[in-house]
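Trainee: These are the residues of each chain, in order.
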Amino acid sequence: MTTAESGELLGGGAAGLAFHEATKVYPGRSTPAVSTLTLEIPASEICVLIGPSGSGKTTAMQMVNRLIPMTSGDVTIDGRSISSLDQTELRRGIGYVFQQIGLFPHMTVEANIGTVPRLLGWPKERVRARARELLELVGLDPEEDLRRYPSQFSGGQQQRIGVARAMAADQPLMLMDEPFGAVDPIARDRLQDDFLRLHAEVPKTVVFVTHDIDEAIKMGNRIAILRDGELVQYDTPDHILAEPANEFVADFVGADRGLKRLRVWTLSDLELEPAGEGAARPTAREDTSLLDALSMMLVEGAERVTVVDASGAPKGTVTLETVTRLIGPEKRAVGV
Amino acid sequence: MISVIAQQPVIPEFERGSECVRQNGQFCSDWFFDNFNRVFGPRLVEHIELTAIAVGIGFTIAFTAALVAYSRGWFETPFAIFSAFLYTIPSLAFFQLMVPITGLSVTSAEIALVSYTLLILFRNTLTGLREVPEEARVAARAMGLTQQQILRRVELPLALPAIMAGIRIATVTTISLATVAAFIGVGGLGEPIFNAIQSGFKTQFVAAGLLAVLLALVADALLVLLQRALTPWARARRA
Chain B
1 MTTAESGELL
11 GGGAAGLAFH
21 EATKVYPGRS
31 TPAVSTLTLE
41 IPASEICVLI
51 GPSGSGKTTA
61 MQMVNRLIPM
71 TSGDVTIDGR
81 SISSLDQTEL
91 RRGIGYVFQQ
101 IGLFPHMTVE
111 ANIGTVPRLL
121 GWPKERVRAR
131 ARELLELVGL
141 DPEEDLRRYP
151 SQFSGGQQQR
161 IGVARAMAAD
171 QPLMLMDEPF
181 GAVDPIARDR
191 LQDDFLRLHA
201 EVPKTVVFVT
211 HDIDEAIKMG
221 NRIAILRDGE
231 LVQYDTPDHI
241 LAEPANEFVA
251 DFVGADRGLK
261 RLRVWTLSDL
271 ELEPAGEGAA
281 RPTAREDTSL
291 LDALSMMLVE
301 GAERVTVVDA
311 SGAPKGTVTL
321 ETVTRLIGPE
331 KRAVGV
Chain D
337 MISVIAQQPV
347 IPEFERGSEC
357 VRQNGQFCSD
367 WFFDNFNRVF
377 GPRLVEHIEL
387 TAIAVGIGFT
397 IAFTAALVAY
407 SRGWFETPFA
417 IFSAFLYTIP
427 SLAFFQLMVP
437 ITGLSVTSAE
447 IALVSYTLLI
457 LFRNTLTGLR
467 EVPEEARVAA
477 RAMGLTQQQI
487 LRRVELPLAL
497 PAIMAGIRIA
507 TVTTISLATV
517 AAFIGVGGLG
527 EPIFNAIQSG
537 FKTQFVAAGL
547 LAVLLALVAD
557 ALLVLLQRAL
567 TPWARARRA
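Those protein sequences? They're chains B and D, same order as listed. So for the first sequence, the working numbering puts the first residue at 1; every next one is plus one. So for the second sequence, the working numbering puts the first residue at 337; every next one is plus one.
Treat the hints loosely; a few may be bogus.
[What the hints assert, rightly or not] The following residues of chain D were derived to be distant from chain B, with all beta-carbon distances above 10 Å:
hint: 1; residue: Q359
hint: 2; residue: I384
hint: 3; residue: G439
hint: 4; residue: R466
hint: 5; residue: L481
hint: 6; residue: T509
hint: 7; residue: V542
hint: 8; residue: Q563
hint: 9; residue: W569
[To be verified] Interface residues of chain B toward chain D, partial, derived using beta-carbon atoms under 10 Å:
hint: 10; residue: E89
hint: 11; residue: G139
hint: 12; residue: R148
hint: 13; residue: G162
[Claimed, not checked] Partial chain B-side listing against chain D, Cβ under 8 Å, derived:
hint: 14; residue: N65
hint: 15; residue: L67
hint: 16; residue: I68
hint: 17; residue: P69
hint: 18; residue: P105
Hints listed in this document are in silico derivations from the structure and should not be mistaken for laboratory results. Yeah, the Cβ is synthetic: ideal placement off N, Cα and C, and Gly gets one too.
Just chain D, same shape as in the assembly:
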């Protein structure tokens, strides 16, 4: 990666670009739009992939662990300690630590990203399940629902707002952290940022950063819409 960066000119299109580019202005929109498809588009797609895979796998692991901890209380502390420990590892170090084991690969990046989602997803799912009103549980039991039916029809739907809140935080965090994954050469919006740090070209730096922020906001908004669609009862108020 380092060699690729070194081959690029310090200022792109030297002596041919617009006044803004030649002056290395804060943000040259003409350059941004001219080069979006080449410099940013593919990286944005990679970034979305990195995030989706991390949150998807992280949720599967954390959700399963929370279900286990919900029925077997002893499991909560060890898993909470484990996921909290992973959460404390500095991200740059975590990515670097994985390289000797799984190489400069997407696998390395995903292992680190998944690890950071576990704590919040586990905590929120478990809290959501525990905060289901006891009377709803009693009613379900008295009506002859089995444990499985109570979990699927009563407890999980009622825990959904807390679970969705966890997914939102995990997604936004992962979008932010995934920029660091470019350090081990797996692409994403971190790559133009790293390159711009090397070259000093401000527009590329600012644009990639803004795109990451924008992606986080859009993802969060979409998740809010999804949550509203899934929990119509949460907004029902007395007429």
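For reference, chain B alone in the conformation it holds in the complex:
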């Protein structure tokens, strides 16, 4: 049995993660940075930790791979306490992506991606094949880019390599600390989209720290809102926007939370009313967000939008009233 197979966490797939009253008190501080955090993240979900600075979100994340040692409580991965695992093996089993990226400037892209596999004793050929496969997966050129050095790439490309590196050994768990925080908005949007696509293809359990509520809504299957080290609300983006637990959360998600909610849903999430004859304007594809559909109706002064399939054939309509009622005072569950 090689080291690769004896790696405690490494077996591919995704792992369930749970915090059990996890607490961190930094020496010399009277209040805990993270206070009795209890949180369960089902396997292959993306959980976003969000909160203002000093809320303990990064501390909470770094307790998982023991970059920050817990003061009390526990974190379990697939039911096993992280304190029962060897520290280096634990870390090799958890992908880590952070804002500063931290690619090794003296190593080629191939060597960077192959860092953990090499530590695990993979043969050279397997490391190369894996690096090739991952570069393709994150949208870089496996032929050209494998032999180049990090300084030869843009910030956005470097973070793609960072993501590839964090998945190199098929780690079941990924920690991402404001991973797209340092790139420009356009590149960030593409990185987010590509990461979601990647996640759908290779589902890993992800803990994602951000301070950007829009990013949280876009990326998270669930969002955990923290304040002063305490968990304020833990729910799906839609529920948090529909029913903020308190004023702090309502403030945090913003006054436009109703409109933000419309961005979470697409036309395909609604029950369509039968379409009349022909595709009356405006028309929209099924994957259009409700926010965009609403905007179309307002701009065109229309009461309804015709939903069309990929070929442009009408499938039904959605009325302005249906959309506004969703976020109105008598909120309805969206028909899924």
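Please build the complex by placing chain D on the supplied structure of chain B, with the hints as guidance.
Mentor: Coordinates of chain D only, in the frame set by chain B:
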């Protein structure tokens, strides 16, 4: 040594040499090439040996000390003071000071030469290690590299340009200082220089000096090539 010098004629090949030699011209190339194998060749080899041994031993000591200081910060100040103190000793005095202890020997010369390399090699190695980008260190730790692995695979390679810069300065300095070591009779290019000072024969003086300069330039160029070969990433730029 003094007695050897006294036996040599003031002007070599008196009344038989070329016009240039008889006139004691600034540089008589014919004499230089005729006498290279006898007067300069062996001294050049000795000079290279003196330098290589000094830089080799000096690097081993300074590198070890820098690693200790990197993990145990308290060690930095005492070693820095110690090596700075050695560096301030005038070279002629240092060589002479060693004679009562280790004699008119290569050991005496090397002790002094090694001492002069320590400060720059220690400083540069330590600075190189400290200037490793923090994010590379964090990434390595988060990926489950042990302290030893971080040092060998991340920190030392990234410190290499600074370490090599130190080795270049130490080498050039040592080549220059090693000429003074001839004062205690250990050979090297300093010997023809000392002899020429005694005899007043300009060609020998100029030739030995130029050879020392040339040796320093060649050694530096070779080290630059070595550094480039070892750090291909330093020249990689965005395409």
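Trainee: For this structure, which hints from the list above don't hold up?
Mentor: 5, 9, 11, 16 and 17
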